[in-house]
Amino acid sequence: MRVNSTIHHPAQTADAGAAKKAGKTDQADSRRNDRASAPQTTIPGSVNAEISSRGRELARAKSVAESAPDIREGKIAELKQRIAAGKYNVSPEAISDRLVDEHLSTSGLS
Numbered sequence: 001m002r003v004n005s006t007i008h009h010p011a012q013t014a015d016a017g018a019a020k021k022a023g024k025t026d027q028a029d030s031r032r033n034d035r036a037s038a039p040q041t042t043i044p045g046s047v048n049a050e051i052s053s054r055g056r057e058l059a060r061a062k063s064v065a066e067s068a069p070d071i072r073e074g075k076i077a078e079l080k081q082r083i084a085a086g087k088y089n090v091s092p093e094a095i096s097d098r099l100v101d102e103h104l105s106t107s108g109l110s
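Residue 56 in this note's numbering sits at position 56 of the sequence shown, with consecutive numbering throughout.
It is possible that part of the hints are untrue.
As the list claims (entries may be wrong) - Distance condition first, Cα-Cα at most 20 Å in a straight line; then the derived SDA-like pairs of lysine to any residue: (1) K87 x I76; (2) K62 x K75; (3) K62 x S52; (4) K62 x I51; (5) K75 x N89; (6) K87 x P69; (7) K80 x P69.
Said to hold, decoys possible - Computed Cβ-Cβ distance ranges for the label pairs, DEER-style: (8) Y88 x G108: 29 to 39 Å; (9) A61 x P92: 49 to 59 Å; (10) I51 x S107: 37 to 47 Å; (11) I71 x S96: 21 to 31 Å; (12) S96 x A59: 40 to 50 Å; (13) Q81 x L109: 49 to 59 Å; (14) G86 x R54: 29 to 39 Å; (15) K80 x P44: 52 to 62 Å; (16) L104 x K62: 25 to 35 Å; (17) E102 x E73: 24 to 34 Å; (18) L104 x A59: 35 to 45 Å; (19) I51 x V90: 41 to 51 Å; (20) L58 x A94: 30 to 40 Å; (21) G45 x S105: 50 to 60 Å.
Bear in mind the hints are in silico, worked out from the structure with no lab data behind them.
Everything numeric in this text was worked out from a predicted model, so none of it was measured.
Every residue gets a Cβ at the ideal spot worked out from N, C-alpha and C, and that includes glycine.
Input sequences plus hints: build the corresponding full structure.
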């Protein structure tokens, strides 16, 4: 036989139910406010979709990242000049140290 240590009174149960409903109402109000602040355009025969403020932020971040150049032209030009002038020296020890460090960090051994 199990004995429940909590005693439920009708008043406590009603209060808990009211608190849950209030929480749901607050969430619904928040969603309505997000919808109200979003610009709305409708095209006849189309389906409406709402994008959250977080989704709009992510879309802006994506467009900024996509517009950034993949290649740093200035850095490449500088390296080409140094190589052509014979002033670009590479240390084999430094390269091997970096390769080993990177391997250890990605393999979880460090």
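Exercise. Falls inside 49 to 59 Å, the C-beta gap from Q81 to L109?
Worked result: 39 Å, violated
For this session: Look at the Cβ atoms of G86 and R54 and judge whether their distance stays inside 29 to 39 Å.
Result: 53 Å, violated
Exercise. K75 and N89: Cα distance at most 20 Å?
Worked result: 16 Å, holds
For this session: Assess, step by step, whether the Cα of K87 is no farther than 20 Å from the Cα of I76, and give holds or violated.
Result: 14 Å, holds
For this session: Note whether the CB distance of L104 and K62 lies within 25 to 35 Å or breaks it.
Result: Cβ of L104 to Cβ of K62: about 33 Å, so the range 25 to 35 Å holds.
Exercise. Taking 20 Å as the top limit, are the C-alpha atoms of K87 and P69 close enough?
Worked result: It is violated: about 27 Å lies between the C-alpha atoms, which goes past 20 Å.
Problem set entry | Verdict for E102, E73 (Cβ pair) under range 24 to 34 Å | Roughly 26 Å apart at Cβ, these two residues keep to the hinted range, so it holds.
Exercise. Is K62 within 20 Å of S52, Cα to Cα?
Worked result: Roughly 15 Å separates the two Cα atoms, so the pair holds.
For this session: Go ahead and decide if the range 40 to 50 Å is satisfied by the Cβ distance of S96 to A59.
Result: 43 Å, holds
For this session: Kindly confirm whether 29 to 39 Å is satisfied by the beta carbon distance between Y88 and G108.
Result: 34 Å, holds
For this session: Would you check the hint for K62 and I51, treating anything up to 20 Å between C-alpha atoms as holding?
Result: 15 Å, holds
Problem set entry | Hinted pair K80 and P69, Cα distance within 20 Å | Answer holds: K80 to P69 is near 19 Å, not above 20 Å.
Violated hints for the displayed structure, listed by number in ascending order: 2, 6, 9, 13 and 14.
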